[in-house]
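> Sequence:
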Amino acid sequence: MRGRLVFPMFVTVAPLDTAAIKTADNYDEDYHTTKLVDTNADGKGEPTRVEGDEFEFKAQIENDMEELQRMTKSGDVTDSAVGLVVHLRDMARLGLITTARPLGVKKADRLVKQTNRKRALVKAYTAPELFCTHAKHLDGYIGREANMALFVFGERPAGLT
0 MRGRLVFPMF VTVAPLDTAA IKTADNYDED YHTTKLVDTN ADGKGEPTRV
50 EGDEFEFKAQ IENDMEELQR MTKSGDVTDS AVGLVVHLRD MARLGLITTA
100 RPLGVKKADR LVKQTNRKRA LVKAYTAPEL FCTHAKHLDG YIGREANMAL
150 FVFGERPAGL T
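With numbering that gives the first Met the number 0 as the guide, the letters of the sequence shown map in order to residues 0 to 160.
Hint data in this document are derived by calculation from the structure and do not stem from the laboratory.
Glycine residues also receive a C-beta, built at the ideal position from the N, C-alpha and C atoms.
Hints should not be assumed to be uniformly reliable.
[Claimed, not checked] Taking lysine-lysine pairs in the DSS-like style, the calculated list, with each CA pair at most 30 Å apart, reads:
#, residue 1, residue 2
1, Lys-105, Lys-57
2, Lys-135, Lys-122
3, Lys-112, Lys-34
4, Lys-112, Lys-21
5, Lys-43, Lys-112
6, Lys-105, Lys-117
7, Lys-135, Lys-21
8, Lys-122, Lys-112
[What the hints assert, rightly or not] Here are the simulated distance ranges between beta carbons:
#, residue 1, residue 2, range
9, Glu-28, Arg-88, 34 to 40 Å
10, Arg-3, Glu-50, 18 to 24 Å
11, Lys-117, Ala-19, 19 to 25 Å
12, Asp-27, Lys-117, 42 to 48 Å
13, Ala-123, Gly-44, 22 to 28 Å
14, Phe-6, Gly-42, 42 to 48 Å
15, Glu-154, Tyr-30, 31 to 37 Å
16, Asp-24, Gly-94, 30 to 36 Å
17, Gly-51, Pro-127, 18 to 24 Å
18, Tyr-30, Arg-100, 18 to 24 Å
19, Thr-11, Asp-37, 38 to 44 Å
20, Lys-34, Lys-117, 41 to 47 Å
21, Pro-101, Thr-11, 19 to 25 Å
22, Lys-43, Thr-17, 37 to 43 Å
Model the full structure from these sequences, guided by the hints.
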């Protein structure tokens, strides 16, 4: 296996179920998302989010990734963005790579938690919730095809399209 993870940990991700959202009663065809609905009678609308089953995979956490840009964009907040580097063979072995999910994780998927190799909780991502805003193959891969991918999770969820 080329391109090894240096300090792998386990992360859990909750995928956005776009098919279920498109069949929801409050789905907006123009904006490709659900309309805000006041579910707790506080006068503010909350977004409806339908998630699939959570899945876990091995990743290298890149907390200091592009630190200068992150500090400029959203202040000196250490949890405002988290980068994950994954090996695509690990994702394929787990059955996470499909035609609908060529990298295993898609934009708008939610980062749930991070555990160490012994599965002890390291960090639960509850507030602010972090959503995948960027998913791509890493440049400079060895061989004929990409073997590593980078996922960036930030505070703002991306749309469905």
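> I'd like to know which numbered hints this structure contradicts. Please list them from smallest to largest.
Of the numbered hints given earlier, those the structure breaks are 10, 11, 15, 19 and 22, listed in rising order.
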